[in-house]
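Undergrad: Sequence:
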Amino acid sequence: MKNKLILVLCAFTCCFGDVSNSRASVDNSLEVVGDLVLVRPGCFAVTLVGTAIFAVALPFAAISGSVKSTADTLVVHPAEATFTRPLGDFSTLN
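Just so you know, we're using this note's numbering here: the sequence shown kicks off at 1 and counts up by one.
Among the hints, erroneous ones may be present.
Simulated crosslink set (SDA-like; lysine to any residue; CA at most 25 Å straight-line) [said to hold, decoys possible]:
#1 Lys-68 - Val-32
#2 Lys-68 - Ala-57
#3 Lys-68 - Val-33
#4 Lys-68 - Ala-81
#5 Lys-68 - Gly-88
#6 Lys-68 - Val-56
#7 Lys-68 - Leu-93
Simulated restraints on C-beta separations [said to hold, decoys possible]:
#8 Val-32 - Lys-68: 31 to 37 Å
#9 Ser-29 - Ser-64: 26 to 32 Å
#10 Pro-59 - Leu-93: 27 to 33 Å
#11 Ala-52 - Thr-92: 22 to 28 Å
Hint data in this document are derived by calculation from the structure and do not stem from the laboratory. Keep in mind it's a predicted model, so treat the numbers as computed, not measured. A virtual CB, placed ideally from N, CA and C, is assigned to each residue, including glycine.
Model the full assembly from the supplied sequences, consistent with the hints where possible.
TA: In structure tokens:
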């Protein structure tokens, strides 16, 4: 009797052991919608404002030799967050 119970428990464990893996793929539709409706327009606005600030700061950045780092900070990173980041992926936002 004990061997049959162990066999049934082992079979039950094998059949339902991967239930947690099916829950691992969580539906992220809310993140995608939030990204599309709120975050992307915000990132686009930051890109536009950063571009304007970069245009004003360009003479000073050129004098100090920091044009590349200034452009990266004010224009490139916001543009990448707007246009190249996968929808719903917030891991690269700082």
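Undergrad: Of the numbered hints stated previously, which ones are contradicted by the structure, given in increasing order?
TA: The structure breaks hints 1, 3, 5, 9; every other hint is satisfied.
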